[in-house]
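Student: Protein sequences, first through last, are from chains A and B. Here the first sequence is numbered in my numbering, starting from 1 and rising by one per residue. Here the second sequence is numbered in my numbering, starting from 1 and rising by one per residue.
Since the hints were derived computationally from the structure, they do not count as laboratory data. We put the CB at the ideal spot given by N, CA and C, even for glycine. Just so you know, not all the hints are guaranteed correct.
Unchecked claim - Only part of the chain A face toward chain B is listed, based on derived beta-carbon distances under 8 angstroms: (1) 49; (2) 60; (3) 92; (4) 96; (5) 98; (6) 100; (7) 101; (8) 102; (9) 104; (10) 105; (11) 130; (12) 132; (13) 136; (14) 142.
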Amino acid sequence: MSDRFAAASGRKVVSRTSAEELGNLAHVVIDVKRRQVASLVVGKGRKALLIDWEQVSGFGPDAVMVADESAQYSPRDDRERAAADGKLELVGKRALSDMGNDLGTVTDVQFDPVTGGIESLVLGDREEPAASLLGAGSFAAIVRAPAE
Amino acid sequence: MRLLVTGSAIRGLPVVTISGGEDVAEVRDVIYSPEAGRVVGLTLNKRGFLAGRCREVLPAETIHAIGRDAVMVDDETSLILPEDAPADVGAPPSGRDVTGDEVLTEQGTSLGKVRDVVVLVGSNGEVVGYEIDTAAGGTGYIPLPAQLAVSGSALVVPEATKEFVEDDLVGLGAAVDEFRSRLGIR
Chain A
1 MSDRFAAASG
11 RKVVSRTSAE
21 ELGNLAHVVI
31 DVKRRQVASL
41 VVGKGRKALL
51 IDWEQVSGFG
61 PDAVMVADES
71 AQYSPRDDRE
81 RAAADGKLEL
91 VGKRALSDMG
101 NDLGTVTDVQ
111 FDPVTGGIES
121 LVLGDREEPA
131 ASLLGAGSFA
141 AIVRAPAE
Chain B
1 MRLLVTGSAI
11 RGLPVVTISG
21 GEDVAEVRDV
31 IYSPEAGRVV
41 GLTLNKRGFL
51 AGRCREVLPA
61 ETIHAIGRDA
71 VMVDDETSLI
81 LPEDAPADVG
91 APPSGRDVTG
101 DEVLTEQGTS
111 LGKVRDVVVL
121 VGSNGEVVGY
131 EIDTAAGGTG
141 YIPLPAQLAV
151 SGSALVVPEA
161 TKEFVEDDLV
171 GLGAAVDEFR
181 SRLGIR
């Protein structure tokens with residue numbers, strides 16, 4: 001089973017130990033090198049907190065279950081701050097090929113909710129395998145140039 | 001068929017890191033070497049609110065690709081200080097601007113004056129032709145051989161160039177290979 005970032009956005013995040021709702025999933029942060037979900041951003045603005053993927057016990061269709069409330073932390077550096085602000089959000093990001101040509105916008109990301117592994121990027125009506133993702137930052141997602 | 005872009009279209013393009021997905025600078029100008037027949041580097045401006053000249057330069061060897069929408073580099077380390085760059089990039093000799101130079105064929109026909117260089121999209125600065133103001137007052141595009149004589153006020157191109165004056169970049173893109181095979185280049 002696969003899940004998608006756009007569909008998961010806004011999903012409630014719940015502590016498994018207290019059954020307390022911690023907030024809503026705002027952003028998913030990925031580790032490009034490992035092509036893997038690295039952490040989740042819960043809540044927006046100044047109250048945004050991060051949760052590492054390792055603390056997620058179940059990424060379900062109706063809720064994201066995390067070990068407990070203490071798994072949440074405030075951004076500790078610039079990169080985490082940018083992530084919390086949604087600046088690293090892949091969905092909606094400009095897609096550029098490594099040859100410097102526009103490929104449109106990343107409209108969605110498909111991933112495995114069990115492992116957190118990124119499966120593919122959706123660029124409008126096209127899909128690129130996760131292996132094509134070379135880098136991602138606040139300006140653009142860099143995708144290996146598709147064969148002309 | 002080759003995809004081409006003029007030097008002026010490269011100006012203002014963001015310089016983007018492949019590994020980081022960040023726009024680390026934007027192109028201020030191209031540093032063109034007529035002797036080498038290629039872009040040897042780019043000068044840069046800062047991005048965003050801090051706009052203004054950026055001291056670092058981008059030598060062609062560290063450019064991954066000049067594209068239609070961005071100039072791609074591996075990472076920030078590609079941007080280097082002029083004193084660390086090759087001399088023709090860090091401190092380009094003056095008087096090598098070909099803009100305004102008259103283009104003469106070997107038999108002495110003037111094709112017009114150089115307005116801009118034409119760069120191969122996807123390369124790291126290969127110049128395949130010139131955009132010219134034609135004698136008739138229009139815009140033309142001519143392919144370049146690998147090497148040619150440049151004096152600082154005029155440049156001499158093979159006679160065959162006359163037959164390859166194109167009206168647009170698409171036409172030049174189609175003509176470059178035929179022109180080069182005619183001259184026996186690659």
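Student: Give a verdict on every hint.
Tutor: Each hint, compared with the structure:
1. 49: violated, 24 angstroms
2. 60: This hint is violated: residue 60 of chain A lies away from chain B, its Cβ roughly 30 angstroms from the closest one there, beyond 8 angstroms.
3. 92: The hint is violated - residue 92 of chain A has no Cβ within 8 angstroms of chain B, the shortest such distance being about 13 angstroms.
4. 96: With Cβ-Cβ at 5 angstroms, under 8 angstroms, it holds.
5. 98: holds, 5 angstroms
6. 100: Hint holds; residue 100 of chain A Cβ to chain B Cβ min 2 angstroms, cut 8 angstroms.
7. 101: holds, 5 angstroms
8. 102: holds, 4 angstroms
9. 104: Check failed: Cβ of residue 104 of chain A comes no nearer than 11 angstroms to chain B, outside 8 angstroms.
10. 105: Hint violated; residue 105 of chain A Cβ to chain B Cβ min 13 angstroms, cut 8 angstroms.
11. 130: Cβ of residue 130 of chain A sits 15 angstroms from chain B, so the hint is violated.
12. 132: Because about 12 angstroms separates residue 132 of chain A from the closest Cβ in chain B, which is outside the 8 angstroms limit, the hint is violated.
13. 136: This interface hint holds because 4 angstroms falls under the 8 angstroms limit.
14. 142: holds, 5 angstroms
Hints 1, 2, 3, 9, 10, 11 and 12, counting from the list given before, are not met by this structure.
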